[in-house]
Amino acid sequence: MRQSAHHKYTSCENELHLDEATPFALVHKQTNCLQIAAMNKAARQGSVQLGMRLTDACSLLPTLTTQPSDPEADACLLRKLANWCQRYTPVVSIDGADGLLLDITGAAHLCGGEEPLLSDLKKRLSEIGFENQLGLAKTPGAAWAIARFAHVQTLAERIIPSGDLKAFLAPLPIASLRLDENALYLLKRFGLKTVSDLCRIPRASLKRRFPSKEVGEAVLHRLDQALGQANEPLLPLKPAPAYREHISYPEPILATESFHLGLQDLLERLCQRMEKDRKGTTALTYAAFHADGGVSQISIATAAPSRHVPHLMHLFHDRIETINPGFGVDHLILSADTVETLTPEQLALTASAPELSDSYGVHQLIDRLSNRLGAKNVQRSIACESHIPEREEQRVPAIQSTASETQTSPPKPLRPIRLLNRPEPIKVMAEFPEGPPMRFTWRRVAHRVVRAEGPERIAPEWWSVPRRERLRTRDYYRVEDVEGRRFWLFREGLYRDREQHLPTWHIHGLFT
Amino acid sequence: MGMPGVDANLPACGLNRYGAHVFSGTTYGDTTAASGFVLALIKRLADVSQSLSTPPILWCQTAHMHNELGPIHAMGLKTFGLDKERFLFVHAHKNKDALWALEEGARSSSLLAVVGEVGALSFTQTRRLSLAAAEGGTPVLLLRAHHELSASAFETRWRIAAAPSAPDPFVSSIPGRPRWQVELVGCRGSKPGSWTVEWKNETHRFCLAEKFSSRPPQLADAPIGTPQIHILRKRASSG
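In the order they appear, the protein sequences are chains V and L. Counted the way our numbering counts, the first sequence spans residues 1 to 512. Counted the way our numbering counts, the second sequence spans residues 1 to 239.
For the record, the hints were derived by calculation from the structure and aren't laboratory data. There are no misleading hints in this set.
Listed next, the in silico SDA-like pairs over lysine to any residue satisfying Cα-Cα at most 20 Å (straight line):
1) V:Lys412 <-> L:Asp83
2) L:Lys78 <-> V:His387
3) V:Lys376 <-> L:His66
4) L:Lys78 <-> V:Arg391
5) L:Lys96 <-> V:Ala375
6) L:Lys200 <-> V:Leu414
7) L:Lys84 <-> V:Pro413
8) L:Lys96 <-> V:Leu373
9) V:Lys412 <-> L:Glu85
10) L:Lys84 <-> V:Cys384
Make a model of the complete structure from these sequences and hints.
This is the structure we're talking about:
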């Protein structure tokens, strides 16, 4: 595994339109003073250092321009940059406040090798306006150390060949091992300044020198990680997709037609690969990488695994216009985020079998509707174990669920065909308090009840809800008015319950 | 439709599968009656279709209709012998989205029927729906508010009102089987007509109601309170 880490400084310089010669720094407030959080090259040459007090820095360099730092905006920018770096490899993870780790295992050949990849990355980052330091090594720890602490200029020297890790890391300072301040302070007091000093001491005696076991173990663990003797998995922003296809353009493209053509090409390649492996995808992401460092992407999802190019193309069709090309797009990536096994379909045996080219199945229809109207707006109904009418049924996105077998539920009294969004209060006149209503008024219309059935008593779910939030007991009646309309009314609460206020009447549903 | 009297009046001897049909309530309160009638029609369609398993039904509702009368309650579909698993509910924010979904559903030819609860439609939009229905061979059934009567290209136009039910043969005081006053307002190549139709819950079929039983029930012959208590006692003793 080879990785590269790079280092960036915040982009405020660009916003202020400062030239490179003006010393500039970002400051953040510590407990009792302002400290330097980041600075540009000119300031660094004026011997301003990280963590220096602002007053000290100003006395050294009176022309220093400063701005308060904004860590949240920096984190946001770094995430954007991490997304953009996915053009090189799907495994990108954010490292601290100012670094990125890219796992380029098996991805370097796409750029023509490791050195061309690094030089391309460096060129592009510099063009966007990021000062950067790169490093490439077999382990994340070593790449981190090279990127931040190596004093070499050419890119070729920043690539450590595998096997030589110890020799390359030996002259670097202890801080390149990603240790915490406490451990660094202790090591400095021991007189250990470089990695080679640390390697020279036997492990057991080194561990004994620390006041606590944990600190000693942490130092040794970091050393092992840098040298590749301990495993260090990266935590990528997104899990790596199973299939990925990409196109690079020598010149940035802007026209929507080019995105269509690019997508068609990528889809065909992706589907061919999936067909070979007998797979189908249920989620696709189409990402367009801007030449000026941004990404716009669109995702689609399908209800059943598919590798049918026209169908997938159709799902993307309306959304392609929403891609913002910015100042031009020079790289397109299509990735299948989730794949499932899909066995090849049986083709029609005779030529007279019905053609399936025009009409399409229900799954495809669900995909089309869900991708245009939003997955949550295309629903299926599933039954829930509850007696409360509004909780009996639950709507789930159709794209995530397949039609299940009908469960046989115990027979229940008739249920209305429409259930109001929430029970609406009504004015009721009843012959006697605990009987069905005689007249009621709903939405300003008076109804005279001629027939009624009930009550059907539905008690609250005492086993699942605490007493205070619990609904009151409901007595449901099915009533018909003079004109033949049927309603589902209920009386909430009981007359004999002295603790609570009087029962109230509501309408909950409509029958036909 | 399975109603000899009504079917004979229609040019296709029943509801045309290759067309769009519109159903509206006679008054504001009859919208539910119209949706019930549409559900009953869907059950008839499912029964006469030859396929082994019933194809799904697309039920598309705009946000306005959803807020007005609520969604279709899946548990209530049992009255019509329909399986809630076969329903695909679409919630559209705009009329335009709902119409797109209806057209897409009708064209796919993989559905039993497409039902839309939509707002005002222009003549062009109704024509598009008719064409989509003809192309896909899927009937488009539209539920509309009672006050919309603009020109349309629909195959048939129906006006549905709730009708007082016949008393239950065993307990006269409870609501009986669903009944509708069905009026065929417009139909190409046919006369308008009006019928009282009853839905048989047991056999899931329509039948024309007999005239003498359509008399509105009198409040005096059905004292409400007493039989209710009787039922309660029966339940208490059995349980």
